[in-house]
Amino acid sequence: MRANPVKTKLLAGGHAFGLFAMEFFTPGFPQIVKATGAEFIMFDMEHSGAGIDVMKNQIALCRGLGIVPLVRVPQAQYHFIARLLDVGAMGIMVPLVETAEQAELVVRSAHFPPAGRRGAAFGTAQDDYVGGNVPEKIAGAHARTLLMLQIETEVGLDNLDAIAAVPGFDSLWIGFLDLSNFLGVHGDYQHPEYLAAIDRIVAAGRQHGKVLGTAAPSEEFARDYYAKGFRMIAYGTDFTLLQAALSQRLQGLSRFADGAT
Amino acid sequence: MRDNPVKLKLKRGEAVFGTMAFEFFVPGLPQMVKAAGAEFILFDMEHSGLGFETLKELVAACRGIGLVPMVRVPSAQYQFIARALDIGAMGIMVPMVASAEEAEFIVSCTRYPPHGRRGAAFGFAHDDYESGDVAEKMYLANERVIVMPLIETKEGIDDIDRIAAVPGVDVLWLGHFDLTNFLGIPAQFKHAKYAKAIDRLCAAAKKHGKVLACMSGSDDWSREYWEKGFRLFAAGVDGHLLQNALRQSLATLNGLDSAKPKRKAGKR
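These protein sequence lines map, in sequence, to chains H and A.
Numbered per this note's numbering, the first sequence spans residues 1 to 261.
Numbered per this note's numbering, the second sequence spans residues 1 to 268.
No lab work stands behind these hints: they were computed from the structure.
Every residue gets a Cβ at the ideal spot worked out from N, C-alpha and C, and that includes glycine.
Check the hints yourself; a few may be wrong.
One-sided and incomplete, this derived list gives chain H residues near chain A with beta-carbon spacing under 10 Å [said to hold, decoys possible]:
(1) A38
(2) Y78
(3) Q243
Restricting the straight-line Cα-Cα distance to at most 20 Å, the calculated cross-link-like pairs of lysine to aspartate or glutamate (EDC-like) are [claimed, not checked]:
(4) A/K207 <-> A/E227
(5) A/K11 <-> H/D258
(6) H/K9 <-> A/D257
(7) A/K34 <-> A/D3
Just need the whole structure built from these sequences, with the hints factored in.
This is the structure we're talking about:
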């Protein structure tokens, strides 16, 4: 069982930087991203329309590149979590976690007995189609699987301490847009209510030893949240990065074209 | 038959800016580059492994969003050019065009008789599955296509005045890297041989009223070629644009880390 260097770094107090992928599920994508120095790709299934076949393909392309494939599943359900791990995801993010029971379900779905209730198949995609000692594989899977729960609703906030106290998951992620939406301050990331919620999540992460994670839509945002203690950051989304670079280039062209004519 | 706003602008002498795609052949690509301000997207079949089935989906995704789909075919063959047009491409780029005869052949592949030798099928992808008067469709199809030979070999430069004179050739697209390669001066864009070739290209375009085009790898590059008279630019390539933005992002993040000097030096 290959190890997950991102989880190792994070649990040792280090940081890990990568990006979200919502669109570019193409043969070259993992290597294109790897060549820039990204450590992980968070493949999104919640909002992208991607299915498990496409995920399996992308995860296979990460094999051998040393880039860590993580998947955000659509919802806290066993079949999403266990199947995405079976095809080789090294970590699972679950959106809209609202209760300790949901957090427990995620942990149960991700881990083999006795730590959880995940059904087992080895010599498959997750362990690179090689045979080997089953207890070692189970221990390897347990060690490498990075579980990330998103706190992004007012209900999740109400139950934050109970959720954070659940053993067996690694990271609390914020969903900044949804959090603001569910708090009724839509997109206002300076609103006192939103900021108080972030402070609570940071405190819960510290208290229960959970890695703090977030997406970062801008440099300023990344700076702020790094300073708050967030150590796992997905900076940008595949297509928004492309759009930012393209519109910058096109604006450059238009500017001197305007000046020259 | 929809018209081709890029061709209309070029005919009026206006500049047109778009982008090129080698990798991210996904359903959302046309709309996301349109939203970023691109006027056309040039799909590469020469180096990307892109086939016609995927291309047809991408061209379909350009329909209705006002983004002009163009294609670089792998080589100057009828079957590539006519098929790309049949699935809705509005512009055809052909690599390594080396002679006026080759340029004439390319134009003939893009035109219905008597102006060329393109076989006809209507009520399909390229005319948006509409019925209508066939003669009118053929006229409009001949009018809307943009033909862009890539000038990127010594032979192409040697015959540039005759290539530029070919009726139906709209754009002379500079393949800057290959041109240096075929001149024996790889990537030496300041070399006198390269500069002389560019001068010949620009003079031929001016003389025959053809549009000059190239990739825009940077603002400095674009400015230089704008001043030479280039008016059609593809601003970057999908994968590289993403990498540029991501590298910049990661540099920022790693900067956050080094701002707090807590890493131990040496060892490992």
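(Q) Name the hints, by number, that the structure is in violation of. (A) 2
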